[in-house]
Every structure is written in C-alpha cells, then in structure tokens.
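A.B. asks: Sequence:
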Amino acid sequence: MEFCENCDALLVPKKINGQVVANCPDCDFVKKDGKLETISITDDSRSGDPEGGKMLVLEENSNFIAGRPRKEMFCDNCQSNQEIEYWEIQTRSADEAPTRFFRCTNCDKNWREYD
1 MEFCENCDAL
11 LVPKKINGQV
21 VANCPDCDFV
31 KKDGKLETIS
41 ITDDSRSGDP
51 EGGKMLVLEE
61 NSNFIAGRPR
71 KEMFCDNCQS
81 NQEIEYWEIQ
91 TRSADEAPTR
101 FFRCTNCDKN
111 WREYD
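Under our numbering, read the sequence shown as residues 1 to 115, first letter to last.
Certain hints may be false.
What the hints assert, rightly or not - Below, in silico cross-link-like pairs of lysine-lysine (DSS-like), each with a Cα-Cα straight-line distance of 30 angstroms or less:
id	residue 1	residue 2
1	K15	K31
2	K109	K71
3	K71	K15
4	K109	K32
5	K31	K109
6	K15	K109
7	K32	K15
What the hints assert, rightly or not - Have a look at the derived ranges for each label pair, beta carbon to beta carbon:
id	residue 1	residue 2	range
8	R92	G18	35 to 45 angstroms
9	S80	E113	18 to 28 angstroms
10	R68	V30	18 to 28 angstroms
11	Q19	A97	31 to 41 angstroms
12	P69	A94	18 to 28 angstroms
13	Q90	E5	13 to 23 angstroms
These are calculated hints, taken from the structure and not from any lab test.
Fair warning: this is a prediction, and the values are worked out from it, not measured in the lab.
Backbone N, C-alpha and C fix where the C-beta goes; we use that ideal spot for every residue, glycine too.
The whole structure should be built from the sequences, with the hints applied where relevant.
C.D. replies: Written as structure tokens, this is what we have:
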C-alpha cells in the first residue's frame, strides 16, 4: 500500500503509456519510481470475477475511479443534472460527520459538503 506524497490519499495503479504507475485519484500525483506488482485475491467470494481476482488497472485517459458510487445530481458548473460520483472522507475529528466530496463526470468539477 502506498500513499500520495501531496495529499496522503491511497495511490491506485494506473496504466500510462503502457506502464503501470501509482496514481493519486484525488490530486493526480504520479509515482513513477518503485515497482508495482499485481496481486491475485484467492478469496472464494471473488471466484465469479471475470478478471480472476486481478487488480484493476485504469487506462491513461479514464476518469472512472473504481469503487466510487454514482448518482444523478445538479452540477452548478454544467447548470443541469449530470452523473456525479461521490465519496466520504473523515476530515475532522471522529465525533463529527465526515465530509462528502462530489465530482461531475461531465465537466470534472469537484465540490464538498459538510454537515
């Protein structure tokens, strides 16, 4: 497991120019040095996985972040309902609500909401 040097987010594998690198999904930092290895998950719950439990590697121009849910929501930048992906991060103390982050898949605008 590796973390971003800029924002401490978990780095994910991404394929750039045919080479797999560690990429930050939040700030787009790329760690090119070091060796990334693919892993196989032998858990029986993944036996129906068409990829055979292999790690997901995103293509260079892909805006898709694996595991982030999506819903239709109003985007202020597009001024219309768009498909929005969202995620939560605990940015404050544990007794306070987590911060919700949103990203429009049409214009790539990011914003957040606090409770």
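A.B. asks: Check the hint pairing K15 with K31 against an upper bound of 30 angstroms on the C-alpha distance.
C.D. replies: holds (12 angstroms)
A.B. asks: Does the Cβ pair Q90, E5 satisfy 13 to 23 angstroms?
C.D. replies: Since the Cβ atoms of Q90 and E5 sit about 21 angstroms apart, the hinted range of 13 to 23 angstroms holds.
A.B. asks: For a C-alpha distance cap of 30 angstroms, please report whether K32 and K15 respect it.
C.D. replies: This hinted pair holds, its Cα atoms lying about 11 angstroms apart.
A.B. asks: Quick check on a hinted range of 18 to 28 angstroms for P69 and A94, using CB atoms only.
C.D. replies: holds (23 angstroms)
A.B. asks: Verify the CB-CB distance for S80 and E113 against the hinted window 18 to 28 angstroms.
C.D. replies: Hint holds: Cβ distance 19 angstroms, inside 18 to 28 angstroms.
A.B. asks: Do R68 and V30 keep their Cβ atoms within the hinted range of 18 to 28 angstroms?
C.D. replies: 19 angstroms Cβ-Cβ, so the 18 to 28 angstroms window holds.
A.B. asks: Can the restraint linking K109 and K71 be considered satisfied, given a maximum Cα separation of 30 angstroms?
C.D. replies: holds (15 angstroms)
A.B. asks: Is it true that the CA of K15 sits at most 30 angstroms from the CA of K109?
C.D. replies: holds (23 angstroms)
A.B. asks: K71 and K15: Cα distance at most 30 angstroms?
C.D. replies: Status holds; Cα separation ~26 angstroms.
A.B. asks: Taken at face value, is the distance from the CA of K32 to the CA of K109 at most 30 angstroms?
C.D. replies: Since the Cα atoms of K109 and K32 sit roughly 26 angstroms apart, the hinted pair holds (cutoff 30 angstroms).
A.B. asks: Okay, Q19 versus A97 on CB: inside 31 to 41 angstroms?
C.D. replies: 40 angstroms Cβ-Cβ, so the 31 to 41 angstroms window holds.
A.B. asks: Should the hint that R92 and G18 are 35 to 45 angstroms apart at their CB atoms be regarded as holding?
C.D. replies: Once the Cβ atoms are compared, 41 angstroms apart, the range 35 to 45 angstroms for G18 and R92 holds.
Violated hints: none; the structure is consistent with every hint.
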